[in-house]
Amino acid sequence: MKKQPHKRTRDTIAALKPHYLPASADAGGAAPHRYHWLIDLFIQLVKTKPLGAFGGALVLTLVLMALAAPLIATHDPNEMHGMQTLVPPGSDFFFGTDALARDLFSRIVHGARVSLTVGLGAVGLSIFLATVIGVLSGYFGGVLDTILQRCVDAIMSFPWLIIMLTVMSILGPGTGNVILALALAGFAGSSRVIRSAVLAIKHSEYVLAARSIGCRQPAILIRHILPNVAAPILVLATLGLGNAILAEAALSFLGYGVPPPAPSWGRMLSGDGLDHMLRGPWLVIFPGLAISAAVFGFNMLGDALRDLLDPRLTGGARANK
Amino acid sequence: MKRYITRRLLLLLPTLLLVSFLVFCIVRIIPGDAVTLMVAEMGFADDEAELRAVLGLDQSLPRQYWNYMRNALRGDLGTSLWSGQPVLEEITRRLPLTFRLALMALFWTLLTGIPLGVLSALKQDTWLDYLLRSVSVGGLSIPSFWLATLLVVFGAIWFRWVPPIDFIPFGEDPLASLGQLVVPSLVLSVALSASIMRMTRTMMLEVMREDYIRTARAKGLSEWVVVIRHALANSLIPVLSIMGIQMAFLVGGTVIMESIFVLPGMGKYLLDAITWRDYPVIQGINLFICTLIICINLVIDLLYGVLDPRIRY
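As they're listed, the protein sequences go chains A and B.
Mapped onto full-length UniProt numbering, the consecutive letters of the first sequence carry residue numbers 1 to 321.
Mapped onto full-length UniProt numbering, the consecutive letters of the second sequence carry residue numbers 1 to 313.
Hints are supplied without guarantee of correctness; some may be wrong.
[To be verified] Negatives, chain B to chain A, calculated, CB over 12 Å:
1) Arg-28
2) Met-104
3) Leu-110
4) Val-225
5) Met-247
6) Gly-253
7) Ala-273
8) Asp-278
9) Ile-285
[As the list claims (entries may be wrong)] Stretch-level coverage of chain A by chain B, calculated; a stretch enters the list once three of its residues show a Cβ under 8 Å from a Cβ in chain B:
10) 164-178
11) 246-253
Just so you know, these hints were derived from the structure itself, not from any lab.
Ideal Cβ placement from N, Cα and C applies to all residues, glycine included.
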């Protein structure tokens, strides 16, 4: 059985770690709670990045909307209200009704669930793949790095929409397939960022110290490398969520996204309904605003987090102040 | 430089080989038999065995890949199951339109993105800077298909303008043909322009703090000369790299624009092929576009050395 490093040695390694995280995280063992840095980050975000905080508020609204959709929606999103087709916005139907007499407001509220489910699923899968490839490629280097990076090069040469459409055309419609298509289109770029973050820390003193006391490679990767690339991963995930929502909407708009009757924002804008949109322009306005607000929120929050957590990713933190 | 070009060209080969392999696999390895669907939904053949023979899927995988690569290197990307036309012929017939659309979008992108980025940097932390930065994030967040749909719907309601259904070929009336691309290319350029603007601003702020800018000012050069000749010229090199990355985005965007504005380009061809499950076309377009993007990125990489004398190979 492998002997565990002595507690004092572990403390020394911890003290050597130059976290990208806010001040409290640097305190190592002194931090009263392991998630204390998240609270610090939140306070810093509100104090120094008002636009980022605004983005965060939009994201929070979206999450609440998705969680409490049945409570917020005034009608069933798929219920058809008899002859009340293309009713303009009013007190009965806040955002009006569509060509099938369904309440647009309720569909948009429930659409937040679809967008977030697909977004979280796609980003989760994409970040998992990107982390595995980025960490292995960056940490081990050599032939493995060369092979993996040439594969990443090849995947990155596929235009995002074309790879998604191709995958969807082969897999067929379905929420799971959309998630897979979005993840396949997005993981390669993220793996590059994670790889460069790993390259930057793999020769750090705390990694050398861990190696010198006989830590196994998996332990070094999981306990020392991964926590220190958590910041770029968090930023990638936030920005990736905005992109995933946008990409899902684009796929649905083209008719290859989440299948009906699920209320997808992109499908609501689909070109098939153009005749109805001319008679009811609200059909164009509200779903588009919902997509834009969600993507805007994630982009602003992601930008602010990037500035706060990892200035290297901006290509110059000064410039983004 | 010659050595670097040779090395880059040699590195290109494994990437191209991998791309071809991925394109080959994507139709064959992903679960769900495409042939079953093609026979059931599209009726491309009487039975599955016949269609497999037509597509060459009855052979072993290494033999299939060998045939596929040999044909691709000869310029044979297969034959469309729907139209019976060679895929490469169809692509080269539609490529000029997509190319013009992308080029026009790039023109609008540079025309707006770079000057606004410079302005935003020069007016750092003023209301104009905040406004331009918010607009740029907005530009990145607004889906191009929504913007295009808004233009089509409200153009029709307010100005009685609808995008023409019949496309005028460039050879017939070049000006009218280009005129049809103005609106789609402008919509396509919004997100790209926002991204270029942000990058230009960031790089300008970096460069404006350099010593040589202070020296240029100390020499008594006018601010205009300092900004354009010294700062902007040096800021544009990373912007060029962003443009290389954006090429893949641009090609994806043309698919949406060609679909909304009914333009018979390569994107529309791909969408139609996907609707008809015409896999030889899907495979051919993927291989063609990826090769094109890899080559464009190589050219951009090589341009660095030409544009920036500090870069030595």
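Do the hints match the structure? See the list:
{"no.": "1", "hint": "Arg-28", "in the structure": "violated (10 Å)"}
{"no.": "2", "hint": "Met-104", "in the structure": "holds (18 Å)"}
{"no.": "3", "hint": "Leu-110", "in the structure": "holds (20 Å)"}
{"no.": "4", "hint": "Val-225", "in the structure": "holds (22 Å)"}
{"no.": "5", "hint": "Met-247", "in the structure": "violated (8 Å)"}
{"no.": "6", "hint": "Gly-253", "in the structure": "violated (8 Å)"}
{"no.": "7", "hint": "Ala-273", "in the structure": "violated (8 Å)"}
{"no.": "8", "hint": "Asp-278", "in the structure": "violated (10 Å)"}
{"no.": "9", "hint": "Ile-285", "in the structure": "violated (7 Å)"}
{"no.": "10", "hint": "164-178", "in the structure": "holds (count 8)"}
{"no.": "11", "hint": "246-253", "in the structure": "holds (count 4)"}
Violated hints, in rising order: 1, 5, 6, 7, 8, 9; the structure is consistent with all others.
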